[in-house]
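All chains, please: the whole structure from these sequences, using the hints.
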Amino acid sequence: TCSVFARHLQLNHRVKAITTGGVLGGQQPSLTSFPGGEVVHLSYILDLAERYGVSNSTLVPKPLPTTADFRFAIREIFGWDDIELASIPQEFTYVPADWQIFYEEAFENRTAIWNQVVPYFAECSTGLQLPCEVPNGVGILTCGNGTDTACIASACNPGFQLNLNGTCEQCPMGYYSSGFNSGQCDLCPTAIPENCYFSDIGVATPMCPFICTNCVSCTASTGVSDTLNTVCIETWAFCLLLVAIVVVSVSIA
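In my numbering, the protein residues as written are 526 to 778.
Just so you know, these hints were derived from the structure itself, not from any lab. Just to be clear, a hint being listed does not mean it is correct.
[Said to hold, decoys possible] The following label-pair restraints were derived from C-beta to C-beta distances: (1) S568 <-> D673: 31 to 39 Å; (2) G708 <-> P588: 49 to 57 Å; (3) F627 <-> G691: 30 to 38 Å; (4) I717 <-> H533: 52 to 60 Å.
A quick note: this is a predicted structure, and the numbers were derived from the prediction, not measured. Cβ atoms here follow ideal geometry from the backbone N, Cα and C, with glycine treated the same way.
Now the structure itself:
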């Protein structure tokens with residue numbers, strides 16, 4: 526139907542839609558079909574009659590003596606005020622329109638229609654959500670006061686997370702983000718000794734880099750070595766290593 530086609534254009538081609546008729550400022554029109562537009566198969570009608578226990582009703586057509594099928598065109602279709610999942614038929618939905626206008630001219634008068642819809646070209650629609658570019662991610666255009674639009678981040682690149690103000694910021698130290706995401710960074714899974722700490726921000730892999738201090742008993746004022754991803758060797762272990770090197774050297778000599 527026309528409504529299905531209009532909805533397809535909205536979702537896949539980001540177009541704006543305007544409808545005419547109905548009660549201006551009132552209930553949004555919900556009729557999305559037209560008389561004769563619904564075709565029902567005989568087998569489907571018989572199945573419904575059995576489900577509702579009315580198969581003996583004179584209103585239910587008799588099954589055909591062959592495997593042939595027959596279809597009925599329903600002439601009158603009405604809209605629904607409240608549309609729930611249990612409503613019958615379920616294909617009814619609201620008319621997919623961004624604006625509703627009052628139009629009195631003949632529909633063949635294309636100039637009159639054009640003159641009425643031209644002002645809406647400059648207005649933005651709250652339902653379109655057009656894509657836009659943001660630093661370190663992708664965003665969508667939001668509609669503010671009819672014409673004002675702002676680009677708000679909807680997903681961020683690896684190594685970044687979505688901020689509350691609609692921007693993408695780098696993952697803090699100790700956190701990472703390895704994929705294109707619309708949430709917060711994850712905690713680094715690397716278990717490091719107490720004399721080490723994570724060294725980088727904006728990490729895009731679970732292997733978070735870290736730096737270790739070259740001390741025996743670490744304090745806050747201890748200097749930091751330039752070696753990444755290394756663990757300190759205790760003093761006694763270092764001395765034992767020197768003794769082993771000396772013994773091996775003497776044996777070779």
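To see whether the hints hold, each was checked on the structure:
Taking the beta carbon of each, S568 and D673 are about 54 Å apart, not inside 31 to 39 Å as hinted. Between G708 and P588 the C-beta distance comes to about 56 Å, which sits within the given range of 49 to 57 Å. Take F627 and G691: their Cβ atoms lie about 37 Å apart, and the range 30 to 38 Å holds. Evaluation of the 52 to 60 Å hint for I717 and H533 yields a pass: the beta carbon distance comes to about 53 Å.
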